[in-house]
Every structure is written in C-alpha cells, then in structure tokens.
Amino acid sequence: MLRKFIASALAVTGLLIGFGAFGHSFMGRAALDAGLSGMPLDAHTDRLIYLVWYFCGGCMLVFGMLVVWSAWRAWSGEKDTLFASGLVGVFYLLTGLLALDYMRESFWSVFVILGGLATVCSVALGALRTNAAQHSAFMD
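Under our numbering, the first residue of the sequence shown carries the number 6, and numbering increases by one thereafter.
Because the hints were derived from the structure by calculation, they are not lab data. Take the hints with a grain of salt, since some may be wrong.
Stated by the list, open to error - What follows is a list of derived Cβ distance ranges for each label pair:
#, residue 1, residue 2, range
1, L7, D85, 17 to 23 Å
2, F27, F96, 16 to 22 Å
3, V17, D51, 35 to 41 Å
Cβ atoms here follow ideal geometry from the backbone N, Cα and C, with glycine treated the same way.
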C-alpha cells in the first residue's frame with residue numbers, strides 16, 4: 006500500500022515536470038520575446054536562442070516522461086527502475102538550488118520542490134524494495 010502511494014506521488018511529480026515543458030516553451034516564450042526584442046542579434050544567434058529554448062522544453066517533457074515511467078514500473082513491482090527518476094530528481098534539485106542562489110528569484114523553488122519530491126520518492130521506493138527483499142530472504 007505504501008509503495009503504491011509513493012509511486013503515485015512520484016507519477017504526479019513526473020506529470021508536473023512534464024507539464025512544465027508547455028509552460029516553459031509556450032508561456033515563457035513571451036518573456037523571451039520581450040527580452041530579445043531590444044537586442045541587436047544577428048539572425049543565426051536569434052534562431053539559435055529559440056532552438057535551445059525549445060530544446061529545453063523538450064528535455065523537460067522527456068524528464069517528466071522518464072519519472073512517470075519509473076513510477077509506473079515501481080507501481081507494478083518492477084525492480085531497478087528508479088535510477089532515471091532519481092537522476093532527474095537530483096538534477097532538478099541541484100539546478101533549483103544553484104539557480105535560487107545565483108538568480109535570487111523564488112521561481113526556482115519550483116525546481117527544488119519537484120526535484121526534492123522525485124528524489125525522496127525514488128529513494129523511498131528503493132528503500133521499500135530493499136526492505137522487502139531483505140524481509141523475503143529472511144523468511145525463506
């Protein structure tokens with residue numbers, strides 16, 4: 006029961022990470038347009054900035070999908086599926102902490118929260134799996 010609850014929390018976290026891609030790519034685009042409008046950029050650099058912008062949005066979508074996939078596999082009792090969600094969680098957590106320190110903008114706390122949740126849920130599911138394996142080995 007606890008494993009399914011934590012796997013569900015991990016899945017919701019993955020969905021939020023994935024949906025963040027749409028906020029980044031489409032809602033955040035207005036701020037990018039405004040910021041670049043006064044900049045004297047050549048056409049190549051301007052296109053490159055937008056290419057990287059949408060690439061980051063795509064990465065967020067893929068990260069979210071990996072976390073949801075890990076949660077789904079953990080829900081169904083699979084072993085060794087939490088590396089991806091743990092890695093995404095640590096990456097988001099570290100990015101958020103570094104960005105909070107560097108930018109001094111509370112927005113980056115979203116990355117800290119989502120990264121922290123993905124990391125904690127992944128570690129907790131791994132610990133439950135380890136405890137279940139030890140308990141099963143002890144009972145045999």
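Outcome of the hint check:
no.: 1; hint: L7 with D85: 17 to 23 Å; verdict: holds (19 Å)
no.: 2; hint: F27 with F96: 16 to 22 Å; verdict: holds (19 Å)
no.: 3; hint: V17 with D51: 35 to 41 Å; verdict: holds (37 Å)
The structure shown violates none of the earlier numbered hints.
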